[in-house]
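Residue numbers (numbering that gives the first Met the number 0), protein chains in the order written: chain S, 0 to 598; chain Z, 0 to 579.
Please keep in mind that the hints were generated in silico from the structure rather than gathered at the bench. Quick reminder that beta carbons are idealized off the backbone N, C-alpha and C, glycines included. Treat the hints with care, since some could be wrong.
Said to hold, decoys possible - Each pair of labels, with its calculated beta carbon distance range: (1) Gly387(S) to Ala180(Z): 41 to 51 Å; (2) Val169(S) to Ile171(Z): 37 to 47 Å; (3) Gly362(Z) to Arg364(S): 36 to 46 Å.
What the hints assert, rightly or not - Simulated coverage check for chain S against chain Z, where a stretch passes if three residues somewhere in it have a Cβ under 8 Å from a Cβ of chain Z: (4) 194-205; (5) 231-238.
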Amino acid sequence: MWSTPNVAPEPVDPRQAARVLRRAARFARPYRRSAALAVVFVTMSTATTLIGPLLVRWAIDDGVLAGERSVLAVAVVLYLAIAAVAYLGSRQQYLYVNLAGESFLRDLRIRLFRHLQRQSIDFHDRNKAGVLVSRMTADIESMSELVQWGLLQFVSAALLLTLSFGVLGVLSWQLLIVVLLMFPIIIVASIRFQRDSRLAYLAVRERVGDNLSSLQEGIAGVRVIQAYGREDVQRERFEVSNRALYASHLHSVKVSTWYFGLVEFIGVFATGVVIAVGGWLVSNGQMSVGTVIAVVLLLSSLFEPVQQLSQLYNTVQSSTASLKKIFSILDTEPSVSEASDAVELASRGDLEATGIGFAYRGSARRALDAVSVEIPAGQRLALVGPTGAGKSTLAKLLARLYDPDEGQIRFGGVDLRSATVASLRDRIVVVSQEGFLFSGTVADNIALARPEATRDEIRGALGALGILERLEALPDGLDTEVRERGSRLSAGERQLVSLARVALVDPAVLILDEATSSLDPGTEALIEAALEALMVDRSVVIVAHRLSTVRRADRIAVIDLIDGVGGIVESGSHDELVSFGGRYAALWDAWAASATDSI
Amino acid sequence: MLWRLLVRQRAALALAIAVGLVWTAAKVAVPQLTRLAVDRGISVGDSVGWWAGLIIVAGVITGVFTATRRYLAFRESRLTETRLREQLFNHILSLHVGYHDRAQTGQLMSRSSSDLNQIQAFVVMIPLTVSNIALIMAVIVVMVLTDPLLALVALAPLPFVNWTARRFSQRIHPAVLAVQAEQAQLATVVEESIAGVRVVKGFGAEEVMNARLETEAGDIARVSLDAAALRATYLPLLELLPTLAVVGVLGVGGMQVLNGSLSVGALVAFSFYVALLIWPLRTIAMTVAFAQRAAAALIRVHEVLGAVPAVVDPTDPVPLPPGRAAEIRFEAVEFGYGSEPVLRGLDLHIEAGSSVAIVGATGSGKSTIARLLLRFYDPEHGSIRLGGVDVRDLRLADLRRSVGVVFEDTLLFSDTVAANIAFASPDADLDTIRAAARLAGADEFIGELADGYDTLLGERGYSLSGGQRQRIAIARAIVADPRVLVLDDATSAVDPTKEHEIRDAMRSVMADRTTLIIAHRPATIALAQRVLLLDDGHIVAAGTDEELRRSSARYREVIAAMDDADDARVDQSGAETGWS
C-alpha cells in the first residue's frame, strides 16, 4: 500500500568507525579528567541500581521472613544511603560528561572553522557553500546527542548488563539460564527494530523534505499560481506529497509498533516465567522467596540496557559519519599559503604580470595564456573584452586569490608568492561592487580588515570619500546594526560601506570589478564620487563594463579568446587603440553610434 | 477547528481509548497476580504455575494492546496533522496577494510544519493520557483497598514526581530554545564568512571572523551546559523519588508483615505498583507541557485559517463575452499599497488587439497596472473592465485564464521543463509545448539539456540562467493562449542576441491579442504600437515613441534614466555587434 523506503543508509564499517572515533578521542584529550570523573560517577550510580534488589532480598529473607526487625531496619537505612549515593552520582555524571562533551564540540567548531578560513578561494569554488555550512552546523550538532547522553548511556548500559548477569548468576544459576533463553528474542528484535526504524526514519525525512519544498513552492509561487489559475493543480500536487508523507509516517509507526508491544510482553512474560520457575525451586527448598523477588526486580536492569545499546548504535553511526566528513575537510591543505621566508611588500610599487598562464582546478580549458601586463604606481588600467574571455580571472590573479600556473606577478619587484599574506592584503585590495556586509554595526563592517581602528580613523576614511554625513545619517549612525547580510541598508549604502572598508586599509592597488547592474539611483552619484576619491594616488585595475569608465583609464588591455584561451589582443591608451582601428575601435564605433551614454 | 477534525475521527479515537483502558486493566492485574503467586503459590507451596500462566496471559494482553494503542494514536494524530496541513495549504493558496505581501514565506511555512507537529504531538498523547490517568486511579484504589497506611507511604513521594517532571519540562524548554538560538547565530557567522569568503580573504579578515566564531562557539557551550545543569538537577531527582517510595514500602510494609497484618505478596505488589506509576506520572506532566505548546500553535494556525480572502469570485458571475482579443479599460482607478497612493485617478484604454507600452519612472506604478488587471488587488476607487465587463464581476478563473502574464522574476516549479511550460494547461501535448518554446527562443537550449524537455527544474533540479528562465516564462504564457498578454520586463535577463529573435517572435504571438507591455528598458518599447507615459499616478502623455520623444520633456527624462541603467549592458551588446 505504501512504497517501501528505498533510501540507502550509509553504514560506516566498524574498523573505519573505530579509527574515526580514536581520532576524535585524541581531540578530546584536554578534557580527559572530566571524562574520567564522569566514568567514575556512572559506575557509582550504576552499581547502586543493582544493590537495591539485593537489599530487598536480604530484608525479606533475613528480616521479614526470619522475624528480624533489626535486619529490616538496617536494610532500609542502607537503601536510603544507596539512593542518596545514586542521586549524587547521577547528578555529577551529567555535569562532567557535558563539560567534557561541550568543550570538545566547541573546540571542534573552532578548529574546523579556522581550517575553512585558511583554505584558498579555489577550495571554496570547488565546495558548495551549503555543504560547508552544514559541516559546521548540522554535522557537529548531530554529535551533540552522542556527547550529551550517548557515551554516558553506553557506559552505564554495558556496565549494568554485565553486572546484572553477574549478580543473577550468583543468586541463582537456574534463573540465569531461564533469562538467557529469553535473551536472544529481545536482542534480535532490538537489532531488527533499529535497522527498520532507521530506514523508516530516513524515508520520513525525505518525505518531509518533499512536502516542505512543495509547500514552499506553493507559498512563494502563489502569485504565478493565482495568475495562471493553477490553484487546483497545485492543491492536488500538494495533496500527493502530503499523503505520501502520511504514508511514510504510518509505515514508521508500524515498524515500531510491534517492537514496543513485544518489549512490553517480554517484560511481563519474563516475570511470569521467573515466578513459575522460582516458585517451583522455592517449594523444593532450593531457593528463598527473597531471591525470586530480587530476580524479578533485576529483570528491568537486564532488558533496558539492550534497548539502549541498540538505540545507541544509530547514534554512533550518524556521529561517525559526520566525523568522517569533518575530518576529510580537516585533511585538505590550503593551496595558497604563506612561504616560511615571506617578506613584507613595500608600501608603493609597480604591479607587473609576466607570462601568466592559468587554468581553474578541475577544468581542462586554460583560462589564460602568456598574459603580460604592467601597471606603474598610480596608473589606471582598464580590462575590456567579452564575457568569459578572462578579464575577471586576470584581476583575481593580480590580487593573488589564485596562484598562476606559469609566470610571475610582482609588486615592487617582489613575487606575490614570497610576500606575507598580511602585507599582500594591505597593498592589493579587491573592491567588490556587490557590497557584501556581515552582521554587526556599520563601524564593525568598515573596520573589517583593521578591527583595531579608532572611531576617528574610521571617520577620517569616510570623510576622505565624502560619505561621512550619509552614513552618520543612518538611524544609529555608525553604530547602526546592519542585520543579516546588511539587509537593513539599501544596496547603495552597502556599497558605500564596502568602499569605506577599502579606504581604511589604504591599499596601493585597487582591483575593481565594475558593477554590471544599475546602481541605486539615490546613491549613485555619491558612489561614483567616493570611488573617484578612492582611486586618487592609487594604481587601479578595472574590469570595465562601461565605456565611460574605460575612457578615463591610462591604459586599456583588450582581452579576448584566442583559440579558446584568454589572452591580451590589444593594449594601449584610448586614443592609440581608436587610431589603431582594431577591435577596440570597432566597439567604440558601435557604442558611439548608439550614443545613448548620458555622461 | 481542531475539535471538528477530532470529532470526525471520533470512532478511531474512541477505539484507541478503549484499547488503552484494557491495557490499563491488564497492567494493574500483573502485580495482583504476582501477589497471589507469592502468597498462594510460592509461600504456601500451591500451584504457582497457574498464577504464572495468568501473568503471562496478562503480558500478552498488555503487549498486544500497547501496540494497538500506539498504532491507533499515531495513525489518528498523523491523520489530523495531514488534514490540517491540507486545509491550511488550500487556504493559503486562496488568500489574496495583498495578504501574501505582508506575510513572510518562512512564517507560513512554520505554521504548516512545526506548528502542526506540535498539535500532532498533543493529539497523539490523548489516548495515552486517558489510559495513564485510568492506571493511576486504578492503582490508587487497589492500594488503598489493600492497605490504606501502606498506600499513603507508597504514594506520598509520587506527586513530587509529577511536580518535578512538570517543573523540568517548563525549565528545559527555554534552555533548549536558547541552545537553538545560539546555534542559529553561529550558523549566521558561518554562512556569512563562507558566502563572503572573497571579502574575508581580500581583506585578510580571517582572524576577525575566527574571533566571532569563537564567541559564538563559546556561547553554545555555555547555554548547553546551562541546559545540562538543569538535566543534572531534575533527572536524578525523578529517579530518587520513586526509590524513596520503594524504601518506604519496604520499611513500613516489612513491619506490617512482621506484625502479621500484611502478606509478603502484597509487599511485593506494592513495590511493583510504585514502579508502575512512575512513567504515567512523568508522561502526564509532559502532556501538560505539550498541551500548552499545542494551544499556542493552534492559535497561530487559526490566525492563518481565519484570514478571509479579500479577492473572491462574485456571487453572480458574468461570463466574458466570446471572441479573441478583449479591450481593457481603467476608469478613474485609485490604488495604493499602504497609505501612500500609487495610482491617482488612472484612465486607460487599450483597444482589443492593440499593443500598448507603459513607460514610467521607477516606482511610478507601472507594474501595479498589471497586478490590478489580474485582480491581485482591487482598486480603492474606479473600475477596471475587460471586454466591457468589470473584472470584479468575472469569475477569477475566467479572468485569469484570459490574461497571461510574464513576470520579471520567473518562478520555476520542481517539475520537468515541459510541465513548467504547460503550467497553465497541464494537458497540453508536447507539440504545443515545443512550438511555444520555439517562439520564445527556448527550444534550442532545452534541446541541449541532458533530458531535454523531461529535465527536472527547480530547487532540486537543474538550475537555469536568468535569461533561460524568462524564456521558459514566455513559452508558458504562449501555451496559456490568453486573450490579453502582459509582459512585465519579460526579457530583462535574456542575452541581447537572443532578445532580437524573441522580439520578432513576440510580434507574431501578439498578433491577435491585446498586449500590455510594462517597459523597464527602451528596447522593449519598440514592441508596442502605442506608448503611454505614467507619472504621478496617472497617464500624462500618449502617442508613439517618436512623438513622445519629441513632445514630452518628462518622457525624455524617464527614457534617459532607463538608458543609464541599461548602459551597464554595453559590454554584452558589444557581443551583439559581432565582438566575440
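Violations among the numbered hints: As far as the earlier hints go, only 4 is violated by this structure.
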